[in-house]
Amino acid sequence: MPTPAKIRLSNIGIIFRPRDRGAVEAVRNVSLDVPDGSIVTIVGPSGCGKSTLLNVVSGLLQPSSGFAEVNGARVNGIRHDVGYMFARDGMMPWRTAAENVEFGLEVRGVADRRAVAREWLRRVGLDKFEDHYRHELSQGMRQRVAVARTFAIEPDILLMDEPFGALDSQTRLLLQALFLSVWERNKRTVLFVTHDLHEAIFLSDIVVVFTNRPGRVKSIIPVELKRPRPPPAELAIAPEFRDIYSRIWSDLKDEVREFE
Amino acid sequence: MADSEAAQAEIPIQSAVADDNLRQRVLLARVAVIGTFLAVWQGAVSLGLIDSFWVSSPVLVSRELWQEIVSGDLIRNVGITVFEALIAFFISSALGIAAGLMLARSPFWDEVLAPLVLALNSLPRVALAPLIILWFGIGIVAKVVTAFTLVFFILLVNTLGGAKNVDTDILTIAQLMGASRRDILWKVTLPSALPWIFAGLNIGLTYALLGVIVAEILASNQGIGYVISSGAANFNTAAVFAGLVTLAVVAWLFSAVMRKVEARLLRWKPAVNSA
Numbered sequence: 447m448p449t450p451a452k453i454r455l456s457n458i459g460i461i462f463r464p465r466d467r468g469a470v471e472a473v474r475n476v477s478l479d480v481p482d483g484s485i486v487t488i489v490g491p492s493g494c495g496k497s498t499l500l501n502v503v504s505g506l507l508q509p510s511s512g513f514a515e516v517n518g519a520r521v522n523g524i525r526h527d528v529g530y531m532f533a534r535d536g537m538m539p540w541r542t543a544a545e546n547v548e549f550g551l552e553v554r555g556v557a558d559r560r561a562v563a564r565e566w567l568r569r570v571g572l573d574k575f576e577d578h579y580r581h582e583l584s585q586g587m588r589q590r591v592a593v594a595r596t597f598a599i600e601p602d603i604l605l606m607d608e609p610f611g612a613l614d615s616q617t618r619l620l621l622q623a624l625f626l627s628v629w630e631r632n633k634r635t636v637l638f639v640t641h642d643l644h645e646a647i648f649l650s651d652i653v654v655v656f657t658n659r660p661g662r663v664k665s666i667i668p669v670e671l672k673r674p675r676p677p678p679a680e681l682a683i684a685p686e687f688r689d690i691y692s693r694i695w696s697d698l699k700d701e702v703r704e705f706e
Numbered sequence: 033m034a035d036s037e038a039a040q041a042e043i044p045i046q047s048a049v050a051d052d053n054l055r056q057r058v059l060l061a062r063v064a065v066i067g068t069f070l071a072v073w074q075g076a077v078s079l080g081l082i083d084s085f086w087v088s089s090p091v092l093v094s095r096e097l098w099q100e101i102v103s104g105d106l107i108r109n110v111g112i113t114v115f116e117a118l119i120a121f122f123i124s125s126a127l128g129i130a131a132g133l134m135l136a137r138s139p140f141w142d143e144v145l146a147p148l149v150l151a152l153n154s155l156p157r158v159a160l161a162p163l164i165i166l167w168f169g170i171g172i173v174a175k176v177v178t179a180f181t182l183v184f185f186i187l188l189v190n191t192l193g194g195a196k197n198v199d200t201d202i203l204t205i206a207q208l209m210g211a212s213r214r215d216i217l218w219k220v221t222l223p224s225a226l227p228w229i230f231a232g233l234n235i236g237l238t239y240a241l242l243g244v245i246v247a248e249i250l251a252s253n254q255g256i257g258y259v260i261s262s263g264a265a266n267f268n269t270a271a272v273f274a275g276l277v278t279l280a281v282v283a284w285l286f287s288a289v290m291r292k293v294e295a296r297l298l299r300w301k302p303a304v305n306s307a
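Same order as they appear, the protein sequences are chains A and B. The first sequence lines up with residues 447 to 706 when you count with our numbering. The second sequence lines up with residues 33 to 307 when you count with our numbering.
No lab work stands behind these hints: they were computed from the structure. Among the hints, a few may not be true.
[What the hints assert, rightly or not] Across the chosen pairs, the derived CB separations fall in these ranges:
#, chain 1, residue 1, chain 2, residue 2, range
1, A, G493, B, A61, 50 to 60 Å
2, A, E670, B, R299, 44 to 54 Å
3, A, N475, B, R213, 28 to 38 Å
4, B, R213, A, R673, 50 to 60 Å
5, B, S154, A, E600, 46 to 56 Å
6, B, D105, A, A557, 57 to 67 Å
7, A, P464, B, D199, 21 to 31 Å
8, A, R560, B, G104, 33 to 43 Å
9, B, V144, A, D700, 47 to 57 Å
10, A, E630, B, V144, 52 to 62 Å
11, B, S212, A, N457, 29 to 39 Å
12, A, F513, B, S212, 54 to 64 Å
13, A, E600, B, V58, 50 to 60 Å
14, A, N522, B, A146, 30 to 40 Å
[To be verified] Far from chain B, by Cβ distances over 12 Å, these chain A residues were calculated:
#, residue
15, S492
16, F549
17, E582
18, P601
19, H641
20, I652
21, I667
22, E686
23, D700
Model, not experiment: these values are computed from the prediction. Virtual Cβ for every residue (Gly too), placed ideally from N, Cα, C.
Model the full structure from these sequences, guided by the hints.
Here's what the structure looks like:
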């Protein structure tokens, strides 16, 4: 018996109707279950509506048809219990690293927020940079602040939209490993979106391949690699890994080619 | 990794080598420029090249200033003008910032009022001064109102611009983290708009002084503007120049204080120039 779905997408269709151009169908008839405590990653060609789906789950966007559920309840309006990360760090430049991590706790009225923020910054290796402002941090450090900020509010679910996409490849590997190690602590449910197949396999329990626009679910590929996972560079040469990689790629390559 | 990243992040902006040395030379050159100007002015008058009746002279202006200091007129007039300008500045800024934030929250009213704001902001508002004096008399109120018409719109326009330019990533994240509309206003929109607001405050302070001085010149019996206009009316150019020098010092002090406050409140900005 599989674990119950934490996030459920039911027949979601999204059509954008810009005022000055014709309608664009971004997503068509997407149904997807994200089991509690798992990491599910959506991969697909550019413009296939992956990010848009995250917005539906967070309540930022109302789908044109179908609906999303979290914990069995329909998403209706902006949720305040999701951790959201994207490629841009979203740091507030007028706040120090610690104050950025505190923000979510502050608006929730958590009393010992400074201590919590410090602890999370320590976990992402930024204990010496608590009082630094955004412009004093490297891109990798900013993204680590974003990781700390996201986990500090202990969100019920995590929505990650290519969170490491803007980093150089080495920093990206380090942050993927960091993210997983932090995630291992309490295993929140994660819906992740990426272009990077290595990243998808390294992090996920399930990889969902999307088609070209309008995005539909093409295939669902379980990643049966045991956790905790070895570092990405090590994992990448394991035969099971390469097996999964080639399965995903064989599904994805037609979509990518069509797109060109 | 942390160390190498830190090193990368903390490379100082430009070279700070011989900073003290440079500052000294700048200061010295400044004194030299002003000294030369005063010497040429005084020399031209002393040698009879130009008539001091028209341009006065540094000596005559100093003597006039000294007399005003001794008699207490200077401190009284400066006090009046500064008082009027600051009252106008604080009231207009507070209302201008509030109006800007309110319009930013209400796209409908922003749309409705945009042409009106643009028209009023483009109008050379000192042209309203005669009317304002007619309405409010020659007292402090007319000065404050004249300055208000200038400063209010500057702050309104700048605050609105800043409040509409909040990074959408930051807004999204703040909302998803559970920030209320109130939190967004105080913890996101306002700090994010602060550099814009300060740009407005800097100009606004200058314009507050301008508005007050114009009103004083048009109709008053006290203040620096009055000293200047009555000096000119009495062909006392030394008094006019003394008024101008006083005004320059007041304006300089205003902007110096403003820069200090700005450097403090915007210390999170990379490389705020506080020369």
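(request) Return the numbers of the hints above that this structure violates; sort them in rising order. (result) The structure breaks hints 4, 8, 12, 16, 17 and 18; every other hint is satisfied.
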